[in-house]
Every structure is written in structure tokens, then in C-alpha cells.
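Asks: The lines below spell out each chain.
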Amino acid sequence: MDTSAMILFVQTILSATWRLATPMIYASIGEVFTERSGVLNIGLEGFMLLGAFAGFAVAYFTGSLALGILGAVLCGLIFGLLFALFTVTIKANQIVVGAAFNLIGRGLTGFLYRAWFVNKAQGVQAFPPIDIPYLNAIPFLGPVLFRHNILVYCTVPLMLIAGFVLYKTAFGLAVRSVGEHPKAADTAGVSVSLIRYAGVLIGTTLTSLGGAYLTLAHTNQFVEGITTGRGFIALAVVVFGRWSPKGAFWSSLLFGLFYALQLRLQAIANITIPYQFLQALPYVMTLLTLILLRGRAISPKALGVPYQKSA
Amino acid sequence: MNDPSRETTMTMQERSVARPGMCLLPKAVLRIAPRLLAMISPIAAIVLALFISMLLLIAAGYNPARAYTVMWQGAFGDLRAISEVLIKATPLILIGSGLAVAFRCSIWNIGAEGQFYAGAVGATIVGIFITSLPSYLMIPLVLLVGTLLGALWGMLAGYLRVRFNANEIVTTIMLNYIAIIGTGYLVTGPLMDPAGGKYPQTARIVEAAMLPRFLPPTRLHIGFIIALIVAVILYLLIFKTSIGYAIRTVGINPVTARYAGIHVERHVLLAMAISGGAAGLAGAIEVAGISFRLYQQISPGYGFEGIAVALLANNHPLGIILSGILFGALRSGAEVMQISAKVPSVLVFVIQGLVILCVVAFGLYRLHSRWEPRPEKE
Amino acid sequence: MSPETILRMENIVKTFPGVIANDHINFEVYQGEVHCLLGENGAGKTVLMSILYGLYQPDAGRIYYKGRPITIRSPRDAIRHRIGMVHQHFMLVPTLTVLENLILGQYPFFRILNNLDHVAQKIRAMSEEFGLNVDPYAICGELSVGEQQRVEILKALYHGADLLVLDEPTAVLTPQETSQLLTFLRRLAEKGLTIIFITHKLEEVMMVSDRVTVLRQGKVVATVNTAETNPRELAKMMVGRPVLMELPRTRCAPGEVVLSVRDLHVLDARGLPAVKGVSFDVRANEVVGIAGVSGNGQTELALAIAGLAPVSHGSIHLCGQDVTHLSPRARSQLGMAHIPEDRHGMGVILPFTVAENFILHDYYRPPFAVQQFLQQRAILSYAWELARKFDVRLAHVEESFVHLSGGNQQKAVVARELARRPRFLLVNQPTRGIDVGATEYVLQQILAQRDAGAAVLLISTELEELFAVSDRILVMYEGQIMGEVPPNKELIEDVGLMMAGKSPKSDISSWKPAPRQEIVCEQPIACETIIEDTGDKEKPV
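Chains as they are written, first to last, in our numbering: chain C, 1 to 311; chain U, 1001 to 1378; chain R, 2001 to 2541.
These are computed hints drawn from the structure, not numbers from a lab.
Derived SDA-like pairs (lysine to any residue); straight-line CA-CA distance at most 20 Å:
id: 1; chain 1: U; residue 1: Lys1240; chain 2: R; residue 2: Arg2365
id: 2; chain 1: U; residue 1: Lys1240; chain 2: R; residue 2: Pro2367
id: 3; chain 1: C; residue 1: Lys168; chain 2: R; residue 2: Ile2112
id: 4; chain 1: C; residue 1: Lys168; chain 2: R; residue 2: Thr2097
id: 5; chain 1: C; residue 1: Lys168; chain 2: R; residue 2: Pro2094
id: 6; chain 1: U; residue 1: Lys1240; chain 2: R; residue 2: Tyr2382
id: 7; chain 1: R; residue 1: Lys2276; chain 2: R; residue 2: Thr2324
id: 8; chain 1: C; residue 1: Lys168; chain 2: R; residue 2: Pro2108
id: 9; chain 1: U; residue 1: Lys1240; chain 2: R; residue 2: Gln2376
id: 10; chain 1: C; residue 1: Lys246; chain 2: C; residue 2: Tyr153
Please put together the full structure from these sequences, using the hints given.
Replies: Printed below as a string of C-alpha cells:
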């Protein structure tokens, strides 16, 4: 491949990386808040599917993308409340509840999709890419960074705001304490339940938003199982990013890179790997990153343990 | 994510106390004989789940009465229907029993799906390429290889956890995708049936490897009997053997397990091996008893359904026989429901998820993965 | 000047499933006094104060503060009323700094936390005023136990407490630190604060309080002026009968060396050195006590000897065999028994039945398991016999272990370990959190084991206990043995100094052995060779 084609190739990979990472950025930053408050939500895949479907359905029936986004957010809130009810109030085993939500997400979206959409196979008018003037003319980086749709751009302010909230506000301080030592937070007057509800809701809402990205921006329609495991990969991203929004952002980009490579490597003429090997790449890389981490990451101490006041 | 149960002694002392959580049932109801209630509550959970799904059906514009009638007919209408239920229950009972072992060891094996595929692949390869053995040798060989491959696939995740502290929820899920993709590669590549006209499937396995049917004219095969036997064996293992004692101890408190001299890592690997092996056996039985060849979507989600099956029966293999049959009925009925009443069969996943939530809401099962000390009353 | 009542708790009732923790308690505290709440473990002191602090809600009763009835629904309310509490188990988030811990819960959620220098300044000022020596930017998890306690106190003062409740604050302090704390509390009282001090230690009550309320089994026994009472009377009120450590002051002729520890180095959970070169022997027919404030390496020492923590340097020999890197099971097969410090977290499986807990170490071999299968009848009969022999009160050996009372649970653990006729018994804080009756029983059993030929290593923070039971006492400080002391009560101050890392005040050569009666004990239990070493190398817990 000659130089200009190579440059173009790298550019497309990098550009695709950010786009492909976007749903995971939303989901993992959300899950950072959830896990930092001490709740483990393995149902992210289900929430992402729900958000993808809700966003699509609302946008389809109303013709408005903004309402579609709103629909996804509401969906994340409502189901998130249900999840929090089971994990924080009923104090059930969080893994069991997460597994249930994965099933419900998959079943509900599949069911409604087939009931409402299967014979109407049209898409929605998806979010268009927004060219940022002047900046997109920068050589090499211009097309990579500045020709994305708004949901992709929003990931950066999201990371910054999330970091600010988590480390520089009283709310973030409360979240961090509840996940480490809920009893201490409780005696200091912080409502553990309230903070955990908030943590869960932030997580599920952002995850649903990440799912909506898939059907409203990345593609323009809903397909059953459109998330293909991104919700689970987001769990690994949180660990890899050491439970910080910035870490989650950059780790998501890394996994986005794996996805991008998987899709584009076939374009290189002299590589004849069966496409399934590339298809498995993100999952294999997830395994490898977990191996490399070797459990060195220290999770929030109270993660996964329901808090019971001894009363 | 570090497993919280792997903490040091000191931290546990400082921990907040978690007793079995809230229950949504009124206290009056709870005072009735707890054992009786424990048996009724799964049924109540199913009823409630079906009720909520009924609301969903109405909302989506379907006729729930028709849907459920067809579902019932589809599951229990005649001998053939019942046999189909038992056929579908077979992998669920196997996977569920295996998961019961893992879950009792507090190993969250979400990878039964991938282990199923691994077993199916192994059984297919043996079934296609070993052609000169008689039936009474071939069948055990096929099933054994399937079990072994499933066990290895499970142990891989177990090894990653033991050696690298890699969270098994994520690793088993990743291994699921890898196994499914790998199967796809095999059936479109090396193992593709040369005489099959480019369909993504393998050739048929030899006749000697096919599981005999014992209830003609139905498709019910001895795999069902094998599943029942395995469930009983695993029940005995968990509750009546010293290995089971050790596994349960590790699952409740690995610190105490170490104190008791139990080799925690070994039992984690063993639990994953048993769990993966059972799922692999299920995959082998599916190939040898029903499909007679390997193709891409050979499992419609048995690995995930198995989780619900195990949890519904509180990780007790004998109860899993019942919950496996129940879920088999649900799925069988749902398939017929899709054909006759045009209701999408994926509704079944919703019902399963709701069942889990209802069981949890009734709070009668100790669904916490670990036990915490009681408050020190001073 | 007539005393003004600052707090009155009237007819407080609080029950938990199966137990009445507070039974119509009437409790009154005067402004500016130091008032002790005295009682055994389980008497209801912490529950009462937790109600005051809003952690529990009373089933009945009222609280009057500064003359007005108040309801305290949460710690936030208590803090608002200027009630502060220093808990037994610190309520500090270890990953946060002192400053962050202090402002936790103080601001509305939307408050942005930049420019906190003025808060740090205020903390430093308060710290100096009260002589607490706290650095606002220190990370709490990295502070020593004593420092953390000072942070807890500062936290209460920072939140403007007029009434300060301390729950067993001296459990983690050396005798010197304890007297420092008590002096500090008196000074606070002089400044106008009111102090409620929960304890079960009689000397502290006499040293610091103006009045004392004695609780027993959830009821108030009496409230008296400290000046008008004495320890014996208080003890009688506390337990309802005269307390004597009814333990025989005897001694055996020590036999051969059973446990030999040489230059042992062990790292703690964070990878820092906790045991820094410890050497000692324990002989058959002998109880060696290890004294020290918790946190000086005793936990790691015990875990290393038990095989539950890796040894970074040095050796451990049991019955002449090098067990330094052998598994806990191998050591168990050689004849070691271990009563762990953390009964619930390490010693038992709470959801299992009592019988299942009894076979915890030997579940895999005959008679409890034959060819991998558990033998129910053998297990049950063994369990019944154990319960009978060691006086474990239960309804049925197949009931869940959780249903046993705290004292009976510990008796069950003791029963399990001692019934195995160990050659070497490792006991760590055996009487923590259990009532006097069970305490006496457990200590008697330990002595009985010694008389029967075992070698015993007793690690405890309770000096009384060590002095009553040990034949020799080793004092541990910061991972090293500071010296050996005979269990002579006259030397208690020297022990206290050594526990704090200082040299004893009297001359070692002048130390007399404790008066003990020589008795004839059974022959030491013979050491067998190990049956089978499976060579399991355990990872650190």
C-alpha cells in the first residue's frame, strides 16, 4: 500500500475508533458512577438495548431525533429505578438482578421490534455528522476529530463533567464514600440509599443514551441484538480505567480501536485472515487486558454488597 | 472487579452488616410455614411473571388469552408436545445443574453458552470423523469428548480468575462470544459439509453416534434420561460429599475455607470444570440427539436460560429438574405461540427475567452471594 | 452549683429479633460532666448510644435534650443537635483525606469543592487548640489506629459537638495512650463539653468519670456518683455476682519445645512489614502469652503460624518439622489447632449447621467422610457429644449456627479446636465480645489443655486475661518482641511501657516470677510424623 493510502487508512481507523467507542464511553462513564457508589450492574447490555430501541421507536413515531434521545433517557431512568429498587431497597444479589435485566432487555426489545417494526423496515433520519469549520481543515487530524455527529462530540464534555462531579463536588464525595465505607457515610449523615439510587440512575441513563447512539447516529435503525456485547465490554472498561471517568474514556477508545481494526483490516489486500478472527478481536482483547491487569485494580471496597442498617 | 469475598479478615470485621434483604410480602404471609412458602413462591413468581407479560401482550396489541392458550397447548397439548418439552428441558437441566455447582461456589459462570458450543463442537468432530466404532462405544465417546471440551472451556475462565484475578463474569461472557464466533468459523470453513451446497453447517454425524430414541414416534432421546441422572449425581455431589462440602464452604466464605485447610483455587477450578462439563455435555447431547450436525445458531440461548433455571430452583439440582421442565415448557409453548398466534417467541426472555425478579422480590431465597456476620449487640 | 441536665433518655425500649437490647432505660446526664456507661458486652450500651446518635430508632421512649423533647431520625439530626459520637469501629472512609472525611455530609450536594484551604486552616487551628496533632491532608487509611481515633474526635468537635459520646475508645490504646485520652477528656469537660464514655473497664470508670450508670442485660441497674463507689461494687452491679477470676494459679513443668519461631518476618495485607524478626519457643504444658496493642503485628504473626499468611523470611518449626511454607491442612494434621481472632469472618460458616461447623477441619476424612461421602450419623453423634462435653447450649446440632448466642458460638469454636487434642493450640483474642461466664469457661478450657499436655500460644489485648492464664508473657510492639515478662501483677506498668515501645521502668533482673502453684500435669502429647504432605502452597489471604 502506498503512503497516501496508508495515511488514509490510519485516518479512517482513528476516526472510526472514536465513533465506535462512543456507546462504550457513555455506558462505562455511567457505570463508573454506579460502581463507585457500590452497586455492580452487569445488566448494561440489557439497558443499552432498551435505550437503543426506545430511542429508535420514539424517533420513528415522532419524527424527532431530540425526542428520540429523550425517550432513551426516560427509558434508562424508568428501568434504572426498577433496577435500583431491587438492588438497593430489596438488597437482592446484584448479579442475579443484572442477569434478569439482560434477559428482559433482550426479550422486550426483540418482542416489541417484531411486533411493531418488522414489516416496516425503514430507518429514521439519523444524526448527521457535523463539520466543525476551520478545525476540520487541519491536516490529518481534521477529518479524524472534527467530522462527527453531535453525540460523539458530547463524549468529551461528558468525560470532563463527570470527572468534575465525581472529584470536585459534595455529591461526588458522597458517592466515593458510599462505595468505600457506607457505614461511615451513613453516620456522617449521607443517605446511602439515595446516593446509590443516584449512582444507578446515572449509570442506566447514560448507558441507554449510549444505546440510542447506535440506532440514531451510528446506524439509522434498530436491529435485534445491535449491541453485540458492548454492554459487557463496558464492564471491563470500567475496571481497566480504574473506576475514573477519564480512565473509562480512554479505555473505551482503546476498545473502539479494536472494533475499528476488526472492521477495516480486511481492506488491506494482503491479509487473508478469516473474518471471524477479526470479529473475535474485541473479545479476545478484553480477555488479554484483564489478564494484564492481574487484579491490580482496586475496586471500591463495598462494591456488590448491599448496605443494611442494623436497625 | 475484585471479588468482594476475597477480602482480608480485618476488612470483614469493619464491614457493614447485610442480612437477607427486604421482602415485599406482608409479614403475615411470611409467618406461614416457611418450607411451604419456599415451595409455593417459585410458582407464585411464575404466575406473576406471566401476568405482567400478559399486560405486555395487551399493550403490544395481541390477544393474551389466545396467546397463552396456544402456549399451553403447545407445551402440554399431546404426547408429542410433552416430549418436545422434555427435549428442550434436557439441556436446561444439565446446564442448570452445572451452574448450581458454580453458583454455590460463588463463581458467576455466565459462560454456559460458550461451554455448550465447545461441547457441541467436540461431539461433532468425533461424530463425523470417527466412523468405525460401534454404537455402544461411539455414544459414550461423543458425550465424553463434549463434556471434556466444555469442562476445558470453563476451566479456562476459572484459571484466568485464579491466576490473574480476572473477574469471571466478564471472562466467561467474552469466551461465549469467542466460542460462538469460533463455531461460525468452523462451520463455514474447515468443517463445512462438502456435499452440503455451501450451507454453513457440518456434515451429518455417523449413525452410530446418534442417541437412541425411546418413545417413538416422538423425538425424545436418552439424553433426557442422562440429564436426569446428571442432576441427581450433582445433587449428591453438592450435599452429600466432602467435595461438595468444600465447594459450598468456598462459596460462602473463602477465608474460612482456607482456614479449614481447603484449597480454594483448586475448588474454584473444579467448580468451573463441573459447570463447563455439564454445559458441554448438553451441547454434545444436542448434536447427538437432535440436530445430528453442527450449525451456527445451535443454541437459542440455553446458556443464559440455564442461569434462570438454576436461580429459580435456588441452585438445588433436584429442583432444577422441575424448573428446567418449566422453562422447556415455556420455550416450547412460545415457539408454537409464534407460529400459531404470531406472538414473537422472544417474549420468553422477558418472562424469564420477570420470573427471576419476582423470585427475588418475594425475598425467600438467600440470594446474597456471601454471608455477613450478625450485628454485635452491645 | 446544682447540676443542669443536658440529656434525658426516658423509658427507651429497643428490641432485635430474639433479644431485648434496651429494656425501659432511663438515662440522665448532667451538663459538663463525664458520665460513664458501664456494662458487659451485650448489656445494651452501644445500642442506647446508637439510638441517641440516630443510627437506630427506639421502639418506645423519648429523648429530651437541653430541656426539649427531640426526635433523632438519623446521624444528621444528631449532628445538628450538636451531639457527636466516636465509634468503636472508626467511621472514616480510608481512601479519603482527613479534610474530606470531615466535610462529608456537611454540604449540600451541589456544592463545588474547590478552595478548601480555609477549611484546612480551621482544622489545623482546632487540632492545635485541643492538642490533637492532625494533618488535614493525610489519607485516613494510612494513619495509625491512635491517629485515626484523634481524627474521629476532631470530627465530632469540628461539627460543633456539645455532647461527645465515645464507645470503648481505649480498646485500641496502650495504657499510656489510655491515660492520655482520659486526661484529654477531663480537659474537654472543663471546657464545658459533656462526655458520655462507654466502657466495660472498671479502672477507667474510676479514673475519669463523675457519675456512672451500670447496664446489665438491657436494663439500668443503678446510676451512682463515682466518688461514692468502688470497683468491686461496680463489678457486682455489672454481672450481678462478685467477679473473681476464678482461675487456678498453677504451673506445670514445661516439656519439650513444640513450636519454634525463628527470625520471622511477615508482610501485612498492604505489603508492608508487620512482623519484623520475631523469635520464641512454646513448650508443651506451657502457655505463652503475647501482649500488645492490636495492630502491632499480632494478627500477621498468628496468620503466619497458622499457614494463612506467607512468610517473607525466617522459619516456623512445629514438632521439629519445618512448616514455614506448609499448608494449613498440613499443620492441622501435625496437631495444630487455631482459634482465630475473627470468629465470624474466619472461624465458622454461619449458614451451615452447628454439626457442619464442628467438622470444618476434618470433614474430608473418616469417620466423617468415607470414600468422599459424608457420614451423617457419625457427624451428628460427634456433634452431640461435643456440645455436651463443652457445654454448648443449643436446641439441636442441626440448627443453623447463626442461632447460637455469641458466647455459645465461641464455645463451639473452642470445642471444635480442643476436641482434636492438639499438640499446639494457637488462640487469638478468645474472649473478645463474649460475656463473663463464657470468658471464664474458655480460659479454664485453655488451662485444661495446657495441663493435658498441649503447648499454647495465647494472643490477647486483655492484660488481665494474659496475666491470669499465661506462664510467660512476651510483649509485642511494632512487629518485634520487646521482652519477656513473668505474669506478676506488680509488673503491669512495665508491660504497659513495653507495649508502647518504651523500656520498662524497673530493672529486669529484679523481676520475680509470679506466685504459682506447681502441679503435676499430664505428659506432653507426642508428636507424630506428618501423615501426608500434599505440599499445597497457599496464596496470602
